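**Student:** First to last, the protein sequences are chains A and B.
Residues in the first sequence are numbered from 1 upward in steps of one, following this note's numbering.
Residues in the second sequence are numbered from 1001 upward in steps of one, following this note's numbering.
Keep in mind that the hints were calculated from the coordinates and are not lab data.
Incorrect hints may have been included.
Said to hold, decoys possible - So the derived list for chain A, only partly shown, Cβ under 10 Å to chain B, looks like this:
1) Gln6
2) Leu11
3) Met27
4) Gly28
5) Ala31
6) Pro61
7) Phe64
8) Cys91
Stated by the list, open to error - Taking lysine to aspartate or glutamate and the DMTMM-like style, the derived pairs with C-alpha atoms no more than 20 Å apart in a straight line are:
9) B/Lys1061 <-> A/Glu67
10) A/Lys41 <-> B/Glu1088
11) B/Lys1049 <-> A/Glu67
12) A/Lys41 <-> B/Glu1015
13) A/Lys40 <-> B/Glu1088
14) B/Lys1101 <-> A/Glu84
On a predicted model such as this, the values are computed, not experimentally measured, just so you know.
Just so you know, even glycine gets a beta-carbon here, dropped at the ideal spot from N, CA and C.
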Amino acid sequence: DTEVTQTPKHLVMGMTNKKSLKCEQHMGHRAMYWYKQKAKKPPELMFVYSYEKLSINESVPSRFSPECPNSSLLNLHLHALQPEDSALYLCASSPRAGNNEQFFGPGTRLTVL
Amino acid sequence: AQSVTQPDIHITVSEGASLELRCNYSYGATPYLFWYVQSPGQGLQLLLKYFSGDTLVQGIKGFEAEFKRSQSSFNLRKPSVHWSDAAEYFCAVGPIQGAQKLVFGQGTRLTINP
C-alpha cells in the first residue's frame, strides 16, 4: 500500500460543532503531518508527529487538536471553528525522522458555516 | 532564513511545447529539494527530489530538474507537455532548522493551450 488516505473528502460544519478528520498510511512511515491550504496558496504546516509524539506545533489555535493513536493513524479534532478555518486540510507522511520526502493524501475540503 | 521563490505565478504553453518552471531557494547548506504537482482540489504528488549526487534528476511523468548550486536554482523541465499536465506546481526545500519541515514556494499555475 503506497498511499495516504483521508476521510472524509468533504466536511461542512457549524461553528459549534465538533468533528474529526482522519488520516491513515500503511507504508511504515514514522513521521506524519497536518497542513492547511487556502485557495491559490501553498500548504501551511500545522503539526508534525514523529514516532507518534508531537514534535512540531506551528502555533496553531487550540480549536485544532491533533492526535496520533498509532504509527499508521493521525487525527485532527475540530471544535468551535471559525469561517476563516475553511480550507483544504492535507495529511502527509514521510519514511523517518529527518527524511523530508513527504507523501500527501488527497485532502479534506472543510467548510465552516 | 530559508525561502523558496517561484518567479512565475502563471505560465501558459501550447500542448507539445517544452516547459521550464523556475525555482530559486535561499538556504545555508546543501538543501533537499522537491517538486510537487497539485491538480485542482487534490493533494500534492511528488514529481522528483534532489538529496545529493547527480545534479540532473529524473522524475515521474517525463519531468526532470537540474540543481545548480551556483545559481541557487532547481528548475523543472519537460520536453513536451500534455494537456493533463495542467496543474499547480510547487517547489519546496528542507529540512528547516534541522526539523522535518518543508518551505514551499508560492506555486506556478500551468495552463495548456490545445
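**Student:** State for each hint whether it applies.
**Tutor:** Hints, verified against the model:
Checking A/Gln6 against chain B by beta carbon gives a least distance of about 8 Å; that is within 10 Å, so the hint holds. Below 10 Å, beta-carbon pairs count as interface contacts, and A/Leu11 has none with chain B, the closest being about 14 Å; its hint is therefore violated. A least Cβ separation of about 13 Å between A/Met27 and chain B goes past the 10 Å threshold, and the interface hint is therefore violated. For A/Gly28, the interface hint is violated, the least distance from its beta-carbon to any beta-carbon of chain B being 16 Å, above 10 Å.
Checking A/Ala31 against chain B by beta carbon gives a least distance of about 5 Å; that is within 10 Å, so the hint holds. Because the smallest distance between the Cβ of A/Pro61 and any Cβ of chain B comes to about 19 Å, over 10 Å, the interface hint for this residue is violated. A distance limit of 10 Å between C-beta atoms decides the matter here; for A/Phe64 the minimum to chain B is near 17 Å, and the interface restraint is violated. A cut of 10 Å between beta carbons decides the hint on A/Cys91: the least distance to chain B is about 8 Å, and the hint holds.
The hinted pair formed by B/Lys1061 and A/Glu67 fails the criterion: a straight-line CA distance of about 35 Å is larger than 20 Å. At most 20 Å may separate the alpha-carbon atoms for a hinted pair to count; A/Lys41 and B/Glu1088 meet this at roughly 10 Å. Straight-line distance between C-alpha atoms of B/Lys1049 and A/Glu67 comes to about 29 Å, which puts the hinted pair past the 20 Å bound. Simply put, A/Lys41 and B/Glu1015 have alpha-carbon atoms about 26 Å apart, too far for the 20 Å limit, and the pair is violated.
This hinted pair checks out: A/Lys40 and B/Glu1088 have alpha carbons roughly 9 Å apart, not beyond 20 Å. The suggested pairing of B/Lys1101 with A/Glu84 is violated, with an alpha-carbon distance near 24 Å, which exceeds 20 Å.
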